[in-house]
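The task is simple: from the sequences and hints, build the whole structure.
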Amino acid sequence: MSVMDKSIAIIIVTYNGMPWIEACLNSCKAYPVIVVDNNSSDHTVSFIKTNFNQVILLEQKVNLGFGQANNIGISKALSLGFESVFLLNQDAYLGEHCLEKLLKASNENPNYGILSPIHTNGKGLDYDVQFFKYANIKKNHLPSDFNKLANSEALFQVPYINAAAWLVSKSCLQKVGGFDPLFFHYGEDNNYCQRVHYHGFLVGVLTSAYVRHDRESRPKAIIKHGSVIYFNRLERKLKSRYGDITKVNLSDLTRLQKKRFNECMKECLKGNFMLAKSKLKEVILIKNLFPLIKESRERNKTNISQRYL
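Take 51 as the starting number for the sequence shown in my numbering and just add one per residue.
Keep in mind that the hints are not guaranteed to be accurate.
Said to hold, decoys possible - Now the in silico label distances, taken between C-beta atoms and shown as ranges:
{"no.": "1", "residue 1": "Lys320", "residue 2": "Pro209", "range": "39 to 49 angstroms"}
{"no.": "2", "residue 1": "Lys331", "residue 2": "Ala80", "range": "32 to 42 angstroms"}
{"no.": "3", "residue 1": "Asn282", "residue 2": "Lys316", "range": "17 to 27 angstroms"}
{"no.": "4", "residue 1": "Lys99", "residue 2": "Gly174", "range": "42 to 52 angstroms"}
{"no.": "5", "residue 1": "Lys320", "residue 2": "Ala200", "range": "20 to 30 angstroms"}
{"no.": "6", "residue 1": "Ser277", "residue 2": "Lys189", "range": "30 to 40 angstroms"}
{"no.": "7", "residue 1": "Lys274", "residue 2": "Ser221", "range": "23 to 33 angstroms"}
What the hints assert, rightly or not - Mimicking DSSO-like on lysine-lysine, the simulated pairs with C-alpha atoms at most 27 angstroms apart in a straight line are:
{"no.": "8", "residue 1": "Lys173", "residue 2": "Lys308"}
{"no.": "9", "residue 1": "Lys151", "residue 2": "Lys173"}
{"no.": "10", "residue 1": "Lys327", "residue 2": "Lys337"}
{"no.": "11", "residue 1": "Lys79", "residue 2": "Lys99"}
{"no.": "12", "residue 1": "Lys327", "residue 2": "Lys297"}
{"no.": "13", "residue 1": "Lys270", "residue 2": "Lys316"}
{"no.": "14", "residue 1": "Lys327", "residue 2": "Lys316"}
{"no.": "15", "residue 1": "Lys287", "residue 2": "Lys331"}
{"no.": "16", "residue 1": "Lys320", "residue 2": "Lys225"}
{"no.": "17", "residue 1": "Lys274", "residue 2": "Lys225"}
{"no.": "18", "residue 1": "Lys344", "residue 2": "Lys320"}
{"no.": "19", "residue 1": "Lys320", "residue 2": "Lys308"}
{"no.": "20", "residue 1": "Lys309", "residue 2": "Lys327"}
{"no.": "21", "residue 1": "Lys309", "residue 2": "Lys331"}
{"no.": "22", "residue 1": "Lys308", "residue 2": "Lys297"}
{"no.": "23", "residue 1": "Lys308", "residue 2": "Lys270"}
Treat the hints as calculated values from the structure; they're not laboratory data.
No residue lacks a Cβ here, since even glycine has one placed at the ideal position from N, Cα and C.
This is the structure:
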């Protein structure tokens, strides 16, 4: 791709990315790259400056989270005149001709706001486990045997795909905007897909394009009810579910708050004070989140051009 070509810019958000950043950026050498660093404490920034001085590096003084850091990169790309952006995780690597294939599909199918390649594992020998789960969530679009995918050139719709490798069109960015700052880390990509559908675009996966996602597959953690991790996950779940402007009514959140309060009272009467305390914390969490989610929903339903960017 020519240096003067403005068809696409790759945006990578880094945070202590030394284990992956060399391989990641080496896979992107043919394209303009914007890196937004979230105040890394390792040598990510100095390594990029020394070894990849052609990269546009935007250093942040604090960790802004995935979504807001990407918004900074997207805004920079749009200000430079790029027609689309490709969001790439710091631990993911472009496959051969990946972007050319995605751009061709995007130009031929402008109703798709987001296009994702196939995500393989780090070695490129099988699907990334989480990707396969989301890509096949409603229909069996993908063969369970990864090797049977060879030479496939299908484009299929999905309700959601994780944002490790997204091509987002300029028309989608202009209408949908950037990531909602309601989310710090996790949940922002799910919310974005919901908004993409609400504003009339599709989300798709192109089977002829690949990225390798170099992450470990971890067993599902056992979360203790009432723990800090439990409430952190609950907060993300509530934001994601009740921030969904495509189907969920905010009055459902009010009903949930009342339900948890009644459960709290019942546990008090039973003498289960630890469980009652946990239920009360849920009530308070919902009460605090309600105005934030309400504002987010109202904002995301409007036709404000390039919101959050």
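(request) Hints the structure violates: just list their numbers, smallest first. (result) 2, 4, 5, 7, 8, 12, 13, 16, 17, 18, 23
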